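Asker: In the order they appear, the protein sequences are chains B and D. Heads up, the first sequence is in my numbering, so the first residue is 1 and it goes up one at a time. Heads up, the second sequence is in my numbering, so the first residue is 1 and it goes up one at a time.
No lab work stands behind these hints: they were computed from the structure. A quick note: this is a predicted structure, and the numbers were derived from the prediction, not measured. Among the hints, erroneous ones may be present.
To be verified - The list that follows gives simulated cross-link-like pairs (lysine to aspartate or glutamate, EDC-like), each with its CA atoms no further than 16 Å apart:
{"id": "1", "chain 1": "B", "residue 1": "70", "chain 2": "B", "residue 2": "52"}
{"id": "2", "chain 1": "D", "residue 1": "3", "chain 2": "B", "residue 2": "59"}
{"id": "3", "chain 1": "B", "residue 1": "14", "chain 2": "B", "residue 2": "59"}
{"id": "4", "chain 1": "B", "residue 1": "101", "chain 2": "D", "residue 2": "31"}
Claimed, not checked - Covered stretches of chain B, going by a simulated chain D footprint (3 or more residues, C-beta under 8 Å):
{"id": "5", "stretch": "35 to 47"}
{"id": "6", "stretch": "101 to 112"}
Cβ atoms here follow ideal geometry from the backbone N, Cα and C, with glycine treated the same way.
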Amino acid sequence: NAGVTQTPKFRVLKTGQSMTLLCAQDMNHEYMYWYRQDPGMGLRLIHYSVGEGTTAKGEVPDGYNVSRLKKQNFLLGLESAAPSQTSVYFCASSGGTANEKLFFGSGTQLSVL
Amino acid sequence: LAKTTQPISMDSYEGQEVNITCSHNNIATNDYITWYQQFPSQGPRFIIQGYKTKVTNEVASLFIPADRKSSTLSLPRVSLSDTAVYYCLVGASGYSSASKIIFGSGTRLSIRP
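Could you build the full structure based on these sequences and the hints that come with them?
Answerer: Written out as structure tokens, the structure is:
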């Protein structure tokens with residue numbers, strides 16, 4: 001049982017390049033989330049999904065897009081990367097019922113030059 | 001949305017009991033209080049959750065007074081491996097609350113030998 005798996009673990013992009021981060025969970029969770037964490041800061045919610053085929057904006061959605069075509073996968077896309085998007089990205093999932101705890105992946109360190 | 005306030009940092013020594021207090025004056029009736037632990041280069045990990053009074057598990061205890069406007073995470077006999085950032089979250093998960101799972105800056109706990 002792998003839990004929440006994120007790929008890749010590290011990535012370096014040039015400004016303007018695009019990329020997709022993949023999050024996969026094997027716990028049959030309904031809810032999935034993408035957060036970003038800047039140095040010394042807490043996590044900020046980018047986008048989330050409450051079920052297959054649904055997505056919604058979080059606190060800091062600009063510059064990102066997401067898709068949830070399959071229940072177990074949640075993709076985060078950067079269409080035109082900017083240096084301000086240099087951060088650590090964490091994916092999480094939860095069952096979605098009242099007060100379910102979040103399970104996090106190990107993160108993706110993204111640097112945009 | 002209930003905002004939380006917790007100390008930015010705390011220091012302690014191995015073998016001591018550590019108490020981290022979180023203030024949440026605007027907690028709603030159906031909100032739970034949840035604590036997460038984050039080690040460097042890892043995603044946050046669930047520690048404990050409670051609604052009122054006291055909750056204890058194999059890792060920590062959570063004390064919640066009757067007015068629920070604050071909570072205290074208690075770590076008994078800490079070791080060097082307890083050095084981490086601890087986040088206090090207040091909210092209720094579920095469809096209408098998925099976007100409201102907000103992580104603050106957390107408390108950076110440093111344990112010395």
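Asker: Evaluate each hint against the coordinates.
Answerer: Now for the hints, and whether the structure bears them out:
no. : hint            : in the structure
1   : B:70 with B:52  : holds, 6 Å
2   : D:3 with B:59   : holds, 14 Å
3   : B:14 with B:59  : violated, 25 Å
4   : B:101 with D:31 : holds, 13 Å
5   : 35 to 47        : holds (count 7)
6   : 101 to 112      : holds (count 7)
In terms of the numbered hints stated before, the structure departs from hint 3 and from no other.
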